[in-house]
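> Here my numbering runs 277 ahead of the position in the sequence shown, where the first position is 1.
If you are wondering where the hints come from, they were derived from the structure by calculation, not from laboratory data. Hints may contain errors.
To be verified - Below, simulated BS3-like cross-link-like pairs (lysine-lysine); rule was C-alpha separation at most 25 Å, straight line: (1) K687 to K597; (2) K369 to K390; (3) K424 to K351; (4) K445 to K458; (5) K458 to K471; (6) K579 to K567; (7) K351 to K395; (8) K351 to K449; (9) K445 to K429; (10) K369 to K471; (11) K396 to K464; (12) K671 to K687; (13) K567 to K597; (14) K687 to K445; (15) K351 to K605; (16) K396 to K369; (17) K464 to K496; (18) K429 to K369; (19) K496 to K458; (20) K369 to K687; (21) K429 to K449; (22) K579 to K369; (23) K471 to K351; (24) K567 to K604; (25) K429 to K390; (26) K396 to K546; (27) K605 to K546.
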Amino acid sequence: MRKFKHLYLFVLILVLISGGCGGAPSSAETQARAGESMSETVSAAVQAEETSERQTAAIQTDKPAENRPSGRMKVEFLDVGQGDSALISCGKHYMLIDGGKPAYSRKIYTILKDRGIKKLDLIVATHAHDDHVGGLSGALNYAGAGKILATKTRAGEDDDRSFRSLVKYAEKNGTGLTVPKAGSSYKLGTALVKILAVNSTDPSEEDAVNDSSIILKIKFGNTSFLFTGDAGYRAEEVLLGSGQDIRADVLKAGHHGSETSGSSRFLDKVRPEYTVISCGRGNTYGHPRKETLSRLQSVGTKIFRTDLQGDITCVSDGEKISFTTEKKADEKSLMTPGNAAGETKQTQAKALDDGEKDSRTGVREYVLNTRSMKFHDPNCRAVSKMAAGNTVRKKCTRQELIDSGYSPCKICNP
278 MRKFKHLYLF
288 VLILVLISGG
298 CGGAPSSAET
308 QARAGESMSE
318 TVSAAVQAEE
328 TSERQTAAIQ
338 TDKPAENRPS
348 GRMKVEFLDV
358 GQGDSALISC
368 GKHYMLIDGG
378 KPAYSRKIYT
388 ILKDRGIKKL
398 DLIVATHAHD
408 DHVGGLSGAL
418 NYAGAGKILA
428 TKTRAGEDDD
438 RSFRSLVKYA
448 EKNGTGLTVP
458 KAGSSYKLGT
468 ALVKILAVNS
478 TDPSEEDAVN
488 DSSIILKIKF
498 GNTSFLFTGD
508 AGYRAEEVLL
518 GSGQDIRADV
528 LKAGHHGSET
538 SGSSRFLDKV
548 RPEYTVISCG
558 RGNTYGHPRK
568 ETLSRLQSVG
578 TKIFRTDLQG
588 DITCVSDGEK
598 ISFTTEKKAD
608 EKSLMTPGNA
618 AGETKQTQAK
628 ALDDGEKDSR
638 TGVREYVLNT
648 RSMKFHDPNC
658 RAVSKMAAGN
668 TVRKKCTRQE
678 LIDSGYSPCK
688 ICNP
């Protein structure tokens, strides 16, 4: 702006000088007009420069900060005993990764029902083992799913009842199962789910089912979460060789903290700030293993465990991550291997959590309608209207009824 003021003064002086030195003197009116004309020209130039400066400032101010999504993403690592399950929510979008053993079908069902989650954008069955897919039928009993990802679409002769049940409910959902491709991505609200690996090793090798696990990474703003199912060393090496970015703030430890997952080379690349181990209290496998805890400790990660802390909830705002746990546990306990040496079978049995006991003895009474193939709570108002010839009372687990082809009443939601 100063340069325009100086220009104005310079031109004004020239006008005055020209008026006194060029033959007939200019009139005062002519000089005034010249001054006004120059003033308007300079004023317009100054105004244009100020407008340009304001526009530039507006562009800089209004530019959104990179990788800072609105809202929060919540990851709940559910305590499903010696199994895996995680519920992810981002705005009004939901994703379920695994569902624990069949005994936890009711827990998954109840969580979705209590929160009114009637639609899951994604369900991921990381692999076909009972302790990962068993409870997913509970989810599909209450909620629909946009897409259900798995390592295969059909049950083979060697697959157990849980995977067969998942196939049945996936078909009933209308989508069936989808085998994703490595590198494919799915949106979950403002979060991005990327498939890093699936069926990455030779199916004839030992632990092939574990190593077939879907490995995925969820990115929300500048925070990231890595889920590896039960993938072991071989699958980790394949992933490392792919050159993909596996760095993550939160790692769901592979195979419940087994010594066959989470190699030093793998952990050095992931460098997780936090690690969550999903395993059952007093499990007979000794998960998490001493070797695994030692390797995790060497990379400086903070450890959380469902066997000691129950449900573990993690919240990200896109920049920072916070954790809350259902139960408290001190640092010494968290670094103690599962099923420490010297425990007897009796003490292991006493240590089994409620969910594990339910899988063996957790039965209750249901009322079955053999005509509609619905099962009800004995106090359901629909029971009094059922014809006596179609009514059967039975004590069993909820999963047994589901596996037999019955579905829960939508009135009492047993």
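> If a hint holds in the structure, say so; if it doesn't, say that too.
How the hints compare with the structure:
The straight-line distance between the Cα atoms of K687 and K597 is roughly 40 Å, outside the 25 Å bound, and the hint therefore fails. Of the supplied pair hints, the one linking K369 and K390 holds, its CA atoms being roughly 15 Å apart against a limit of 25 Å. Between the alpha carbons of K424 and K351 the distance comes to roughly 20 Å, so the proposed pair stays at or under 25 Å and holds. With a CA separation close to 23 Å, the supplied pair K445 and K458 stays within the 25 Å bound.
Note on K458 and K471: the hinted pairing holds, with a Cα-Cα distance of about 10 Å set against a maximum of 25 Å. Simply put, K579 and K567 have alpha-carbon atoms about 16 Å apart, close enough for the 25 Å limit, and the pair holds. This hinted pair checks out: K351 and K395 have alpha carbons roughly 18 Å apart, not beyond 25 Å. Restraint check: the Cα-Cα separation between K351 and K449 comes to about 29 Å, which exceeds 25 Å; the hinted pair is violated.
Straight-line distance between C-alpha atoms of K445 and K429 comes to about 13 Å, which keeps the hinted pair within the 25 Å bound. With a C-alpha separation of about 19 Å, the suggested pairing of K369 with K471 holds against the 25 Å cut-off. Proximity of K396 to K464 is assessed by CA-CA distance (about 15 Å); at most 25 Å being required, the pair is judged to hold. For the hint pairing K671 with K687, the CA-to-CA distance comes to about 19 Å; that is within 25 Å, so the pair holds.
Restraint check for K567 and K597: the C-alpha separation of about 30 Å exceeds 25 Å, so the hint is violated. At most 25 Å may separate the alpha-carbon atoms for a hinted pair to count; K687 and K445 meet this at roughly 19 Å. Between K351 and K605, the direct Cα distance comes to roughly 20 Å. Compliance with the 25 Å bound is thereby established for this hinted pair. Pair hint K396 plus K369 holds up; C-alpha atoms about 10 Å apart against a cutoff of 25 Å.
Between K464 and K496 the CA atoms are separated by roughly 10 Å; this keeps the pair inside 25 Å, and the hint holds. With a C-alpha separation of about 28 Å, the suggested pairing of K429 with K369 is violated against the 25 Å cut-off. Our distance criterion of 25 Å between C-alpha atoms is met by K496 and K458, whose separation comes to about 18 Å. Among the hinted pairs, K369 with K687 is consistent with the structure: their alpha-carbon atoms are about 23 Å apart, no more than 25 Å.
A threshold of 25 Å between alpha carbons decides the hint, and for K429 with K449 the separation of about 17 Å falls inside it, so the pair holds. A C-alpha spacing of about 29 Å is found between K579 and K369, which places the hinted pair above 25 Å, so the restraint is violated. Proposed proximity of K471 and K351 is supported: the alpha carbons are some 17 Å apart, at most 25 Å. Pair hint K567 plus K604 holds up; C-alpha atoms about 22 Å apart against a cutoff of 25 Å.
Restraint check: the Cα-Cα separation between K429 and K390 comes to about 28 Å, which exceeds 25 Å; the hinted pair is violated. For the proposed pair K396 and K546, the alpha carbon gap of about 35 Å is over 25 Å, so the pair is violated. The hinted pair formed by K605 and K546 fails the criterion: a straight-line CA distance of about 30 Å is larger than 25 Å.
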